[in-house]
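Visitor: Residue-level listing of the chains:
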Amino acid sequence: MATTAASTTSTTTTTADSSKQPPPPTARRLGRPDPRARSRGGQRFVLVGLVLASVYSLFPVYWLIIAATKDRTGLYQSNGLWFSGWHLWDNLHQVFTYEDGIFLRWTANSFLYAGVGSLGGTLIALATGYGLARFDFPGRGAVFAAVVGSFLIPIALLTLPLYLLFSEIGLVDTPWAMLIPCLINPFSVYLAKVYVEATIPFELLEAARIDGAGELRIFFSIVLRMMTTGGATVFLLAFVNTWNAFFLPLTVLRGEQNWTLNLGLYNWSGKRAESGVDLTSLVLTGALLSIVPMAIMMIAMRRYWRTGVTMGALK
Amino acid sequence: MIRSLRWKGAAFTVPFQLGFVFLYLLPIGYAVYQSLYRSQSSGLGLGGTTDEFSGLDNYQQGLTDPKFMGSVLRVVLFALVQIPVMLVISLVLALLLDSLTSKAAGRFRIMLLVPYMIPGVVAAIVWINLYSPDVGPLTPLGQLFGLDWNFFAPSMVWPSIGNLLTWHGIGYNMVIIYAALQGVPRELFEAARLDGATEWRVATSIKIPFVRGALVLTGMLSIIQMLQIFNEPALFRNITPQTVDDSFTPIMIIYNQAFNAGNYHYAAALSVLLALILGVASFLFYRLTSKETD
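Residue numbers (this note's numbering), protein chains in the order written: chain P, 472 to 786; chain V, 158 to 451.
In short, the hints are calculated from the structure, not lab data.
Owing to the predicted nature of the structure, the values given are computational and were not obtained by experimental measurement.
Ideal placement from N, C-alpha and C gives every residue a C-beta, glycine not left out.
Do not take every clue at face value.
Footprint (simulated), chain P over chain V, 3 or more residues, beta carbon under 8 Å [unchecked claim]:
#: 1; segment: 161-173
#: 2; segment: 237-245
#: 3; segment: 312-320
#: 4; segment: 426-439
Estimated spans, in silico, between C-beta atoms of each pair [as the list claims (entries may be wrong)]:
#: 5; chain 1: P; residue 1: LEU529; chain 2: V; residue 2: LEU345; range: 32 to 38 Å
#: 6; chain 1: V; residue 1: THR221; chain 2: P; residue 2: PRO646; range: 58 to 64 Å
#: 7; chain 1: P; residue 1: HIS564; chain 2: V; residue 2: PRO366; range: 31 to 37 Å
#: 8; chain 1: V; residue 1: ALA310; chain 2: P; residue 2: LEU529; range: 33 to 39 Å
#: 9; chain 1: V; residue 1: LEU213; chain 2: P; residue 2: ILE681; range: 44 to 50 Å
#: 10; chain 1: P; residue 1: SER549; chain 2: V; residue 2: PRO366; range: 35 to 41 Å
#: 11; chain 1: V; residue 1: SER362; chain 2: P; residue 2: SER746; range: 57 to 63 Å
#: 12; chain 1: P; residue 1: ARG543; chain 2: V; residue 2: MET268; range: 28 to 34 Å
#: 13; chain 1: P; residue 1: GLY641; chain 2: V; residue 2: ARG160; range: 38 to 44 Å
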């Protein structure tokens, strides 16, 4: 049955394709098989491969959604691959009220660090990228080398001394300990430079200068405006990066009032081995909740990050 | 360029330069400085500790520390298996996507990218629960086929983490390779096909050589990440402290030396060592992959 269905689909696809694009006449005349017809069996292989990979990619998320709708008994005793009772609202209520709503606090913190930190970091990155891409000043090469070289620095090498320095000036365990490091992001600078090179023509800057515009004015009212797409991409990637951060918050944030969602979930998930309190149900519902903002943002802005991912990688 | 304009241009980079000095150069310098000293009495914050200059002693200790070198070796061996597996799967998926119409490819691509949208810590939590013998569906599924697997057993921890990393990484790597594939001139395929080349031939002799650069890049990024692996083992340790000990990966050792043992000087030396190892590994990988192109 399955085979028949698959072969029918692939045949229809092939017919639809060849009706749109007739095979090159040379192939026919020379008696060679039409390449599209030849790949009919291959087409089935392609689809099977991609469907399997999609199942692999999606099944953990599917399981997570199902698990978030179950109560404790359902979670431990029912078949994990299908629903058993509907307890999603109870679970959400529990997550949001546990320890006086600490989960909401963590969510707000995550938004604060990722939002404000990335906004500041993006602005600095755009200015730096603009300076590097459109001006020729002594030391320009050194700045760019610093940007690229820092990709190789292990995070522990930076985070541990940063912790000591921050504790000297009393910043440990305050939001600043998360926000300040977010302001300087070499990858954002690199991406911003690539975008400026692609979107801001020299001639435009010359024209603005001849019209008497100051350099700051040119940057804020021309460059930034033309860089909305690039800026959005830089912001989005920085936001995702900070939202996902774990080592830095683990090191510099001690009290749970300042924690991020990641730290909170890590703590909840370790409670069982540590003190015997089983929060599995809370952890799973919380995990699902923490994906939601990321998924909404990525889907809404997929045009931006897709170019960001590939541009940053290929240039 | 006019002289004053040059300096105005440089001014745009000043906030970054200042930040870079304070958040990169200063901490690195501080770490190197700290790594050359030793605390004489243990315990941070106690009045009685004195730091004494000890030269490269901490480095010597690190290089001969079986725990640290063992963790580096463990991570390197793991990287040698997991990264090629992940990149081959990503490459195959990118090639499969590339053979579809762009509309169908878009639909699959978004599904394959779902794992990339999930924060690493959350991904680890989800997989740990999938592996869990209490709540996860994989244990009963295995029993159905007569497999009695325990994902947290000492011999299974790395494969379990490897599967988690592969699941999380294939979408991202596939997108990068796929984007590179889109840059291959289409006429090349048509010409090869007209000459009677099979799809396999087209893939191996035209497409894969063309995306070599993207593969080197994704490989490099994966190596850098892998040597610093921390989140996943830390979360596994959360659940099974008996199989994943506190010296499982280099960064875990560094973290524990700094925050649990209070031996910051040694932790600083180890993090400098790790940076050097990372630099050497990246350099070797780069040399190895660029040599083959000639």
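Visitor: Each hint should be assessed against the structure and marked as holding or not.
Guide: The hints, checked one at a time:
1. 161-173: As far as the segment 161-173 of chain V goes, the hint holds, because 11 residues have Cβ atoms under 8 Å from chain P.
2. 237-245: violated (count 0)
3. 312-320: n = 0 at 8 Å, threshold three: violated.
4. 426-439: Check passed, 7 qualifying residues.
5. LEU529/P / LEU345/V: 32 to 38 Å: holds, 34 Å
6. THR221/V / PRO646/P: 58 to 64 Å: violated, 41 Å
7. HIS564/P / PRO366/V: 31 to 37 Å: violated, 57 Å
8. ALA310/V / LEU529/P: 33 to 39 Å: violated, 27 Å
9. LEU213/V / ILE681/P: 44 to 50 Å: 59 Å Cβ-Cβ, so the 44 to 50 Å window is violated.
10. SER549/P / PRO366/V: 35 to 41 Å: violated, 51 Å
11. SER362/V / SER746/P: 57 to 63 Å: holds, 60 Å
12. ARG543/P / MET268/V: 28 to 34 Å: holds, 31 Å
13. GLY641/P / ARG160/V: 38 to 44 Å: holds, 43 Å
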